[in-house]
Structure formats: C-alpha cells, structure tokens
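2 protein chains.
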Amino acid sequence: MNLACETCPVRDRAACAVLNDGARDDLARSGRTRKLRRGDILFSRGEEDAACAMLVSGALKIATFDTEGNEHILALVHPSGFIGELFAPFATYDVVALTDSELCVFPRSEMLQALDENPKLAKALLRRTEEELRRSRKLLELSGRSSAIGRVASLIRGMADAASKTSCHMAQKFDLPLTRGEMANMLGLTIETVSRSLTRLEREGILRRNGVRGIELIDPAQLGLMG
Amino acid sequence: MNLACETCPVRDRAACAVLNDGARDDLARSGRTRKLRRGDILFSRGEEDAACAMLVSGALKIATFDTEGNEHILALVHPSGFIGELFAPFATYDVVALTDSELCVFPRSEMLQALDENPKLAKALLRRTEEELRRSRKLLELSGRSSAIGRVASLIRGMADAASKTSCHMAQKFDLPLTRGEMANMLGLTIETVSRSLTRLEREGILRRNGVRGIELIDPAQLGLMG
DNA sequence: CGATTGTTTGATCTTACTCAAGTCTCGTGG
DNA sequence: CCACGAGACTTGAGTAAGATCAAACAATCG
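Read top to bottom, the protein sequences are chains A and B. Residue numbering for the first sequence follows the UniProt record's numbering, beginning at 1 and increasing consecutively. Residue numbering for the second sequence follows the UniProt record's numbering, beginning at 1 and increasing consecutively.
Since the hints were derived computationally from the structure, they do not count as laboratory data. Quick caveat: nothing in here was measured; it's all calculated off a predicted structure. Backbone N, C-alpha and C define an ideal beta-carbon position, used for all residues, glycine too. Be careful, since some hints might not be right.
[Claimed, not checked] Which chain B residues stay away from chain A? Per the calculated CB distances, all over 12 Å, these:
#1 44
#2 92
#3 158
[To be verified] Derived, one-sided and incomplete: chain A residues facing chain B with beta-carbon distance under 10 Å:
#4 85
#5 116
#6 125
#7 127
#8 129
#9 131
#10 133
#11 137
#12 146
#13 167
#14 170
#15 171
With these hints in hand, go ahead and build the complete structure from the sequences.
Shown next, in the form of structure tokens:
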C-alpha cells in the first residue's frame, strides 16, 4: 500500500518530518505501509536485505536469542521511532510486533540514497541513533547494579513515559505492552521475580494492578527511588 | 596544538578518513590535539559546551555514577573512535583516560557545520554511532543473563580483539587497560567476583596471568563458550 | 466448555555479594 | 638500596538476593 503522509499521525515527529514536501514525496514513493499483528516478525536476525522502517502506531521489540535459546529484549520501539541498521551487512536483531502495529517500510538502498540527497535527513537519523544509544546505555546502567525491584520500577516508569502523548508528563494509567516473560527478558530477571516485584510495588502502595496488563500509578515519585 | 593529519596514525580509520583533503584541512583548522594522562577527565557529565573528539592513541572509558556513588562503565573507546554527543544539550557521561592518550578535539559547532557541508561525514558518523549502539547492546545482552565467569570471559575476549591491530585476529598476549575494579564496574560484578573468575579461567587453562595486568590466551576458543 | 498460555505464590537452592584478612606491587623518601 | 606505605589484588567464610522447581490460579480462545 502506498504511503499517506498527509494523514500520518507521526508526520511531524518521525525522522521524515525534517524533509521538505518534495523530498518527502520522493521518499514516500519508494516506501510501503505495512500492518503487523501481535507476534508478527518485521525483520529476523541474519536477513541480508533487511529494510528499514518508521513506526506509525503500535509497539515493537528488538531482541536476540542467546545460545541457550533465551530471548533477550534489547529495546522497544514506540510510534515515530526508526527501525533498521543502515550499514550492517545483515540484520543483527529480530524485530517483532508487541501489539498490532502500522509502519512505513523503505528499502535500505532508497534510504541510503535519500541520506546523500538530504543532509538534514542524515542529521536527523544521527540524532535518533544517538538517542537510541543513550537509551541503551540507560538500560545497561540499570542492569548493572539495581535490585530486581528497582529494575522493574524503572521499566514501569519508562512505559508510563512512552504511554503518554505529551512529552512532559507520564501517563498515570496505562497498559503494559509486555508480558511478564518479556519484562523478565528485558531486565535480566525471571518471570517469577518480575511478578513478585510487581506484587511488592502494589503492596507498598506505589501502583495498582488492573487485571494482568493494566497499571495505575499511585505514587509515581517513589518509582524512581527504588534501589 | 594544531593537528598534524599527515602523520596521524589513524588517519585512514577515523571518521575523518571519508573527507577529501580540502574538507579535512578545513575541519583540522578548527581542531586541536590534546594529551591526557591516565585518570585525566576529557568531558564531565553535565558540561554544557562539551566538545567532540577522535581518539588517536590510548584508551578511554565512558562512565556514569549512580545515586550511591558507584561508577558504572558503559563503554570503552579505542584509537580511531569518535567521542561526543552532537545533539545532547549537555554531556550525559564522564569520559576519562584509562591510559595516557592523544586526541583531536573539535568544538561541537564546527563539527555540526562540517556535517552539513559533508554528507559523507554525516554518513560516517551515523555508521559509527550505529556500531556503538550494537556494542552497547552486546554488553546489555551480556549483563542480562550470563554468569560472572561468562561476562569476564567475554570482556577479555573484547580486549583481545581491541588490542590487536589487524581486524581479523585477536591478540594472544596483551595488557588489560582496566583495573579489577573497573572491570567489575563494567560488568555489574564486584571486584572479588572478577578476581575469582580470572583465577578460575587460569586454573582451567584458558589463560595465563602475567603480573596483574598481563593476559596470555592459551585457549581462546574456550573464552567464547563460558556460560 | 476444555485447553492452552500466562500469572501468582511458596519452598528450596545457588550464585555472587559482603565482610574480613592477608599478599603483591610500586612509588617515595630515608 | 632498602624500608615503608598506599593501592590494588587475592582468598576465605558466611549471607542474601534472586533462580529454580513446583503447584495452583486466572485469562483467553477455539
């Protein structure tokens, strides 16, 4: 399906926002929209001709499997996020839909060419990659020393931020896009430890659980203070 | 001191290698070389006007301190590496010399301008940032699940790779640029655990220690196979 | 409705942390 | 040159946090 930039909900937040109309139309011609259902695979590790994409709606996970077959989630992608490794000979990670999602997909060659023709686009992608690096290092810092409950608290905090539309406040009530197992894979914990941590956060009056996925923050400030 | 690109040992590996002579000379005019002794600070977290730099020789660490004052090392920088956050309002990390080092330092504004004028440079930095992101995620993967000994083994492996000049083979004999404490901070372990892991790797015949810093790999293949 | 998958909770075990003591290394000054 | 002291490193014993194993419970889907 062809792109419909005019009605795109992330048109002024995604990387393509830096392009002028002409350049964006050129790029749009080489792109296609794609819809994924929860669990659908966008790219798989090892693919040689992996494309790149911008997420319009939904959520994705970027993950690998270690030698014992355990999934390890390295990052999440939220709407307006860029996905793809422009310079890798083949895809390093699996990219999978966490919820039903919509994307614009572009062949890598076209994106690389657009990069040459639009220095602004190159700069925008550099900025995004820099931010992604910061996020990755944040997670790394977290994995390094925090206690289990601190990691879970921090993940919830990040989810609350991502769930809010406005960049200043975090959502106070939202649904987790991840299963307990996925949270565990992301934080380097087990399912049981994640579950116990959530139970404890609830017992301590920091949040309330609504069903299995729903979270309501009671005391957001405390979230940041958990060891 | 002014730059001497002609005699630069990393002139064909660093990001500036993609520039033609004219463009490189332009950039060189705004840069200065800087020498650091072990322990010297290049940038500190929070600096508003942090510059950016290319490492010519030596080694750096990129680190933060958590709320309890523990250092957490997020990445190492080896010769030809690029250092700096072009789009952050202030520096996110401390950057400190691990050994005596030499760098070319550029004001951020000049680098951003060079980016606009040389799409190739933007592309080169994008590629580097992408690679740095991959390295960060690799470390993240490691921190997630591996046993202590697996993490230490993997760090040693990375050091061996970095210590070799040729990109194909890893060095078989080299000196660790990190103290036990720094290794611990990087891997999310304690000094004692790192020390015990090294002892065990030696006892199992995988490596030999020469003094405190020297490492000689006996069975490099085994390094990759540790839990 | 049953089956499957995901979640919670409990009991036990393992790994790495903590605390403590001793050793090695290296630089400084007598 | 040696003695000393400060750091860095190693090793041991006990402890704690989270993993593992196990069982019950909830949600979802055909």
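Checked hints:
no.: 1; hint: 44; result: holds (16 Å)
no.: 2; hint: 92; result: violated (6 Å)
no.: 3; hint: 158; result: holds (14 Å)
no.: 4; hint: 85; result: holds (6 Å)
no.: 5; hint: 116; result: holds (5 Å)
no.: 6; hint: 125; result: holds (6 Å)
no.: 7; hint: 127; result: holds (4 Å)
no.: 8; hint: 129; result: holds (4 Å)
no.: 9; hint: 131; result: holds (8 Å)
no.: 10; hint: 133; result: holds (5 Å)
no.: 11; hint: 137; result: holds (5 Å)
no.: 12; hint: 146; result: holds (8 Å)
no.: 13; hint: 167; result: violated (14 Å)
no.: 14; hint: 170; result: violated (20 Å)
no.: 15; hint: 171; result: violated (25 Å)
Hint compliance for this structure: hints 2, 13, 14, 15 are broken, all remaining hints hold.
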